[in-house]
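Student: Residue strings, one per chain:
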Amino acid sequence: MKKLNIFAVLVTLLFGLTATVEAQITDKPEYGKIAITGATLHTVTNGTIEGGIILIDGGEITFVGENARITNEYTRIDASGKHVYPGFIDGWSGLGLVEISAVPVTVDNSELGQFNPHMYAFTAFNPHSASVPVTRVSGVTTVLSHPSSGSISGKASVMDLWGYSPDSMAVKKSGALVMNLPSSGGGGWWDNRSEEEIKKQYEENLKEINDFLDKARFYDRMMKAYEADPSGKTKPDHDPRMEAMREVLAGEVPVVISADDKQEILDALEWIKDNDDMSFILEGVSEGWRLADEIAEAGVPVLTTTLYTPSRDYDNYQRPYQNPGLMAEAGVKVAIVSNDTENSRNTAFEAGYAAAYGMGTEEALRAVTINPAEIFGVADKIGSLEAGKQANLFISDGDPFEPMTNIEHVFIQGYKIPMDSRHIQLYQEFLDRDAVNE
Amino acid sequence: MRKFILLLALLFVGSGFQGIFAQTTPANALKNVTIHNADGSTTGSATIVWRNGVIEAIGTNVSIPFDAFEIDGGDSLHVYPGFIDGLSTLGSPALPRTQDLPRLEDPGNPPYHRAGIQPERKPSELLTEDNNFEAAMKAGFTSAALYPNGFMLPGQVEAFYLSADHADVELIKGTMGLAGSFEEAPGGWGSGAYPSTQMGVMAQFRQLMFDATALQQHMKYYEQNPEMPAPDRDRVLEAMFPLVNNSAPFFFEVDTKEHIERILKLQDQFGFDVVIVSGKEAYAKADELNQRNIPVLAGIDFTDAPEWYAEMKKKEEDTEEEDAEGEDSEEEEISEEEQMYREKQLDAWKAEVSNIKKLMDAGVSVGFSSAGLDLKDMTKKVEVLLDEGGLTENDLVALMSINTANILGLNRTHGSLQQGKNASFSVFDKAMTEDKAKVLHSISNGTIHEFKGN
Amino acid sequence: MKKLLTLCMIAAFGFTAQAQDKGSVLIQNATVITVTNGDLEETDVLIEDGVIREIGKDLRAPRGVETVDATGKFVMPGIIDAHSHLNGVDINEGRNPVTAEVTMEESVDPNEVGIYHALAGGATAIHLMHGSANVIGGQGETLKLRYGTTQEGMKFKDAKRTIKFALGENPTRVHGQGNGVQPRTRMGVEQVIRGHFDEALDYKRKREAYLEAKANYDRRGRGTPPVPVAENLRYEVLNDIIEGEIYVHCHSYRADEILMLVRVFNDYGIENYTFQHANEAFKVAPELAKHGAMTSVFSDWWAYKFEVYYSTAFNASILNANGVINSINSDNDQLLRTLNHEAAKVVRYGDTSVNDAIKMITLHPAIQLGIDDRVGSIEEGKHGDLAIWSRHPLSIYSKAEMTFVDGVKYFDRENDPDDMRIQINPGADFDDASNFREITTRRETDACLQDAFILLAEQSAHNHN
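As they're listed, the protein sequences go chains A, B and C.
Read in order, the letters of the first sequence correspond to residues 0 to 437 in numbering that gives the first Met the number 0.
Read in order, the letters of the second sequence correspond to residues 0 to 453 in numbering that gives the first Met the number 0.
Read in order, the letters of the third sequence correspond to residues 0 to 464 in numbering that gives the first Met the number 0.
It is worth saying that the hints were derived from the structure and are not from the lab.
For clarity, every value in this text was computed on a predicted model and none was experimentally measured.
Misleading hints may appear alongside valid ones.
Using 35 Å as the maximum straight-line C-alpha spacing, the simulated DSBU-like pairs for lysine-lysine come out as follows [said to hold, decoys possible]:
(1) C:K304 <-> B:K357
(2) A:K198 <-> B:K172
(3) B:K343 <-> A:K198
(4) A:K261 <-> B:K343
(5) B:K172 <-> A:K261
(6) A:K234 <-> A:K272
(7) C:K159 <-> B:K264
(8) B:K343 <-> B:K219
(9) C:K289 <-> C:K21
(10) B:K264 <-> C:K156
(11) A:K199 <-> B:K437
(12) B:K313 <-> B:K172
(13) C:K156 <-> A:K261
(14) B:K375 <-> A:K198
(15) A:K81 <-> C:K156
(16) B:K343 <-> C:K398
(17) B:K343 <-> C:K156
(18) B:K375 <-> B:K349
(19) A:K198 <-> A:K81
(20) C:K398 <-> A:K332
(21) A:K261 <-> C:K21
A few chain B positions that, by computed beta-carbon distances, are all more than 12 Å from chain C [as the list claims (entries may be wrong)]:
(22) N51
(23) G52
(24) D71
(25) N131
(26) G189
(27) A192
(28) P194
(29) Q197
(30) A202
(31) Q223
(32) Q344
(33) R411
(34) G419
Heads up, the beta-carbon is just placed ideally off N, CA and C, and yes, glycines get one too.
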């Protein structure tokens, strides 16, 4: 037993009291009038400005350009030699709904039942998830958090990653409706069902969905008729599921359908044609490059990733990396997403691979900024560096697609957030720990 | 047709005669038939005489003994040596259904049978009713080496004469060796056992060999020293002794190149003889098989031809028959990627179906095993072998008769039609490879078998 | 899947590569990242008969040796993945908590097209491991990615023997919760290890006594013969571990269980071991350094299970800063082919230098696999296992252009056909579902628990049927 060094103990206690391992961020954000000067501004929608100036006031970008008069009320950040980008948007994530995927009670994305358009990710989104700070310090400022399961899982919500309530974090509560169409091609080589079984179940499942949508359309018509002129009519019963479908049927909220292989994409495109009162987004599309022209023709945007292995044994090794670029080339609007939860921060790298393998950095940058913003109908607020938009942006010392680049400052809704997270705190505590314990 | 009915009647009567004259066993003679022999020779207008299950005389210019019951083949029947199925599970009791297997308390240390370790089982003790006996005979088989269906060590191999009724299936030779495979322990969720992986099966084989070696040593010591503690006798381990002592070969069912490499690895470690059963990719290891003197009882349960290829061939055939009427209609438009895919697919298929030919060309001793083939598909597969697999009818006949007899060590008495050899042969209504050829009668060990409902 | 393989798949032998081919090539004028001797600019590397013969400027190519102009490019040692299940026929013999007798050497699929994908990512060797279902799992096999050879041809000859251990949630779920067999808790995990080591030592005593007595009896032919003690494969392997002939690679997450194993190994005198994943290793970095324990971790995976909830992407940097030999691994077919990118992330998360990050995918995994005398850096005398990159390998825009194993070129971006399958299934048509690979992305399914899922899940979808 070593002799206790009282002095060492006291010193440790003192420092120990100020450190904490929990996911509580102790630093406060900065807010108000902030000026960022001298950096290369990657506006996305209006080209690149060298040595530019961004002015932020109360949550909004008020100026983006080369010259501006900066009054004394502004806190200045000298970002000479650095780069400013719009905060990245991860258009497909489980962030906030899932804390630990292997622990069922922390998984909140799958409600029971087949048709749940009235379930909002917004409601279950946990602002204090340990993954939120971990994600935002990397420059991903906004995610579309989506529910899963069933034929209609619910509504995915576009959430900024700064705030203490989902209300303040929500950019759009109804970002998209999540729908799962059945697959006519079966579930892969491990699917033991016979061809007839697969076909039968596919048709049954599809019919259920079509019937539901028909009912929703009917409800909408009925309610419109009532709302137009209630006189002399009995108010129909309120149906929360049907109510939730109305904005979707009006085309105001797009529907996300997951489709990966060629058959699934063809099935989806076919079905979409018959449902043109709604607007659609395809997610996954790992074989989108095989049908790039068809997808472009259908005018359907896609959400996709790059870091996965080729879908077919005889596909070229780089096909997944080339996929977003090949689709963009054909005229498809592509958003690159993480399709992850706790590693939503890697959205930038998914885009980086796309940039490296044919998409180019400019288009790849659009794929994580203005494209997802437009796809989810929030481009008036985020997705580029423009005066009048929300101050969601970050300052980096280089190309954010490069992993060795450092993200130095992040702004969300005008708050310059503390660059702190569980990962950083653990680093600070354990990098240079006390001597060996025996 | 009437002729055949008459023939049937005569044969029926003929077989009955053997019981009446118990003192002198009369012979049987089948004359005016075409004999296709194992050596590839075809002899027309030939006669075969047999008595007591042994061929007394065969060929043209054969004098038929006075006490032989004659049957005239009318020069339209074809006789082939009785085919021998080199390894089959005919008459085997059904495998336990996965859902019927109870959960084990200690799946890591299961009882032997739950691990698929049953080398003590003999097919002769377990024969059960099986419609496939007759199906085999209808396909021209008169004998088979059988083993009980199972998993990694399903049991022993014994050779039998076939008969529709399992009770009449006679033993030719017992304990010819052990059967083996890389099948993991039976069971599904909740009822599985060790070993459940290929590497587990390999390790388990080794451990069984070590355990059997120790037991054998203990038994030897005990025999001379009864004062020492007695060995724990174990039927399963004792059934492994022939492998430990290399006194009987291991009939091992494997198909892929890698699986073959694994059984060769075990051979290197323990020194037992191996016979490869099924062996779909054996051609890739032909040189090594030659070096090690390992024969192959090849399977013929090939994948069906790719659909697009079968269609293409059919179209070719059709357009050959009809007049070519100018432009051919549907030239299927496929991408270059798919075209290249198809080429590789066809190459792979052709390689698969020419396995036996390649083995023969390389000088490997190749015989036949049904290896799970549904005998109803026999004709279809044989057709493929002749059309695409590079085999001739002679190759086929040799494959299924004398080659297999050689591998099973039965060639002194079986496998070809010669004076002094066993009288086992099949009578076809036309040459075996002709369209819709059928076996009318199956003679095994001299006994004439008829089929129910021809 | 195995049944499908045995019935339908046929290998198309369009490859001419022989087992353990050796090649020669002169790579000219590149920036050579030696790892152990700095970055050498405008430098040539000459490989002859599979060995790096010379590193220098303006080397002359011996007669018949191909030259490659690598001006403006980077040459780095081939990436070594210390944790992979890429081409295992089976991964987990999960029916018993201890299965030291099985070995991945007998579970190698040389025809897995993912091997080629990994070469295209600059990787040249992997540690093919048993899964993490068992406390003491099967032995591993270090392979070189010689695509087109046999299972024997892929082996890294004379690599150190290795074996898989696993602590924490995986073995306690599979055996304790799934089968009602110990261990169900971390307490049980320790006792399963100790108990088996003790049994192995007892076995060794008895077996050696028997062999000696047998030799005596057989020689003299009189007296009482000894009761035979059968050779036991499992205990033999456990003894080999205790005697230091096998490097242990232990799947572990929590700091306390990591220390538990250090304690146990100290008791049995086991010195060479690497903690795999070890998400909480950073909490006990000084202890690990003190005991010479090594680690092999993810760059940034966390939060998918409870035992990794308190993790940090700065794990590698903390370990490195504290002097622990750390490598970055994939445990995933996709990460394997972008390990250069994973290493780059280590530079972002912490103060790790670029060269140290590169060590984590080259020299350090080589040390952990006992092959650092032959690979892991570019030095004269080492194997010609390396890749030519279009830019610095830690840039996301960098692409591996050629990959060499033993001086033989196994990947060339200029000559890269789409369909690189060796094993063609004649029964599958072009769009057939059997051609589709399971897309490996995030850590939804614990790769280490493949095969063992049937022990946990209600469904009957078994990977191999």
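Student: Are the hints correct? Go through all of them and say.
Tutor: Hints, verified against the model:
Distance restraint check for K304 (chain C) and K357 (chain B): the Cα-Cα separation of roughly 53 Å exceeds the 35 Å cut-off, and the hinted pair is therefore not satisfied. Taking the CA atoms of K198 (chain A) and K172 (chain B), the gap is near 52 Å; set against the 35 Å cutoff, the hint is violated. Restraint check for K343 (chain B) and K198 (chain A): the C-alpha separation of about 29 Å stays at or below 35 Å, so the hint holds. With a CA separation close to 21 Å, the supplied pair K261 (chain A) and K343 (chain B) stays within the 35 Å bound.
For the suggested pair K172 (chain B) and K261 (chain A), the alpha carbons sit about 57 Å apart, so the restraint of at most 35 Å is broken. At most 35 Å may separate the alpha-carbon atoms for a hinted pair to count; K234 (chain A) and K272 (chain A) meet this at roughly 33 Å. Proposed proximity of K159 (chain C) and K264 (chain B) is supported: the alpha carbons are some 21 Å apart, at most 35 Å. Our distance criterion of 35 Å between C-alpha atoms is broken by K343 (chain B) and K219 (chain B), whose separation comes to about 57 Å.
Using a Cα cut-off of 35 Å, the hinted pair K289 (chain C) and K21 (chain C) is violated, with the two alpha carbons roughly 40 Å apart. A C-alpha spacing of about 17 Å is found between K264 (chain B) and K156 (chain C), which places the hinted pair at or below 35 Å, so the restraint holds. Between K199 (chain A) and K437 (chain B) the alpha-carbon distance is near 41 Å, which puts this suggested pair outside the 35 Å criterion. About 46 Å separates the Cα atoms of K313 (chain B) and K172 (chain B), which puts this hinted pair outside 35 Å; it is violated.
Annotation: proposed proximity of K156 (chain C) to K261 (chain A) is violated, straight-line Cα distance about 43 Å (limit 35 Å). Restraint check: the Cα-Cα separation between K375 (chain B) and K198 (chain A) comes to about 29 Å, which is no more than 35 Å; the hinted pair holds. Restraint check for K81 (chain A) and K156 (chain C): the C-alpha separation of about 50 Å exceeds 35 Å, so the hint is violated. Using a Cα cut-off of 35 Å, the hinted pair K343 (chain B) and K398 (chain C) holds, with the two alpha carbons roughly 29 Å apart.
The hinted pair formed by K343 (chain B) and K156 (chain C) meets the criterion: a straight-line CA distance of about 33 Å does not exceed 35 Å. Between K375 (chain B) and K349 (chain B) the alpha-carbon distance is near 22 Å, which keeps this suggested pair within the 35 Å criterion. Of the supplied pair hints, the one linking K198 (chain A) and K81 (chain A) is violated, its CA atoms being roughly 56 Å apart against a limit of 35 Å. Straight-line distance between C-alpha atoms of K398 (chain C) and K332 (chain A) comes to about 26 Å, which keeps the hinted pair within the 35 Å bound.
Only pairs whose Cα atoms come within 35 Å are accepted, and K261 (chain A) paired with K21 (chain C) is rejected, the gap being roughly 41 Å. Once the 12 Å rule is applied to beta carbons, N51 (chain B) is consistent with being away from chain C; the minimum gap is 43 Å. Distance check for G52 (chain B) against chain C: the nearest CB is about 38 Å away, which clears 12 Å, and the non-interface claim stands. Every beta carbon of chain C lies more than 12 Å from that of D71 (chain B), the smallest distance being close to 46 Å; the non-interface claim holds.
Consistency note on N131 (chain B): stated as away from chain C, and its beta-carbon is indeed over 12 Å from all of that chain's, at 19 Å minimum. The non-interface label for G189 (chain B) is inconsistent with chain C: the shortest C-beta to C-beta separation is roughly 8 Å, within 12 Å. With 12 Å as the threshold on Cβ separation, the claim that A192 (chain B) sits away from chain C is violated: the shortest Cβ distance comes to roughly 6 Å. Consistency note on P194 (chain B): stated as away from chain C, yet its beta-carbon is not over 12 Å from all of that chain's, at 7 Å minimum.
Not every CB of chain C lies more than 12 Å from the CB of Q197 (chain B), the least distance being 5 Å, so the non-interface label is violated. A beta-carbon of chain C is positioned within 12 Å of the beta-carbon of A202 (chain B); the least distance is around 4 Å. Distance check for Q223 (chain B) against chain C: the nearest CB is about 8 Å away, which does not clear 12 Å, and the non-interface claim fails. Not every CB of chain C is more than 12 Å from the CB of Q344 (chain B) (nearest about 6 Å), against its label as outside the interface.
Every Cβ of chain C is farther than 12 Å from the Cβ of R411 (chain B); the closest lies at roughly 34 Å, confirming the non-interface assignment. No beta-carbon of chain C is positioned within 12 Å of the beta-carbon of G419 (chain B); the least distance is around 41 Å.
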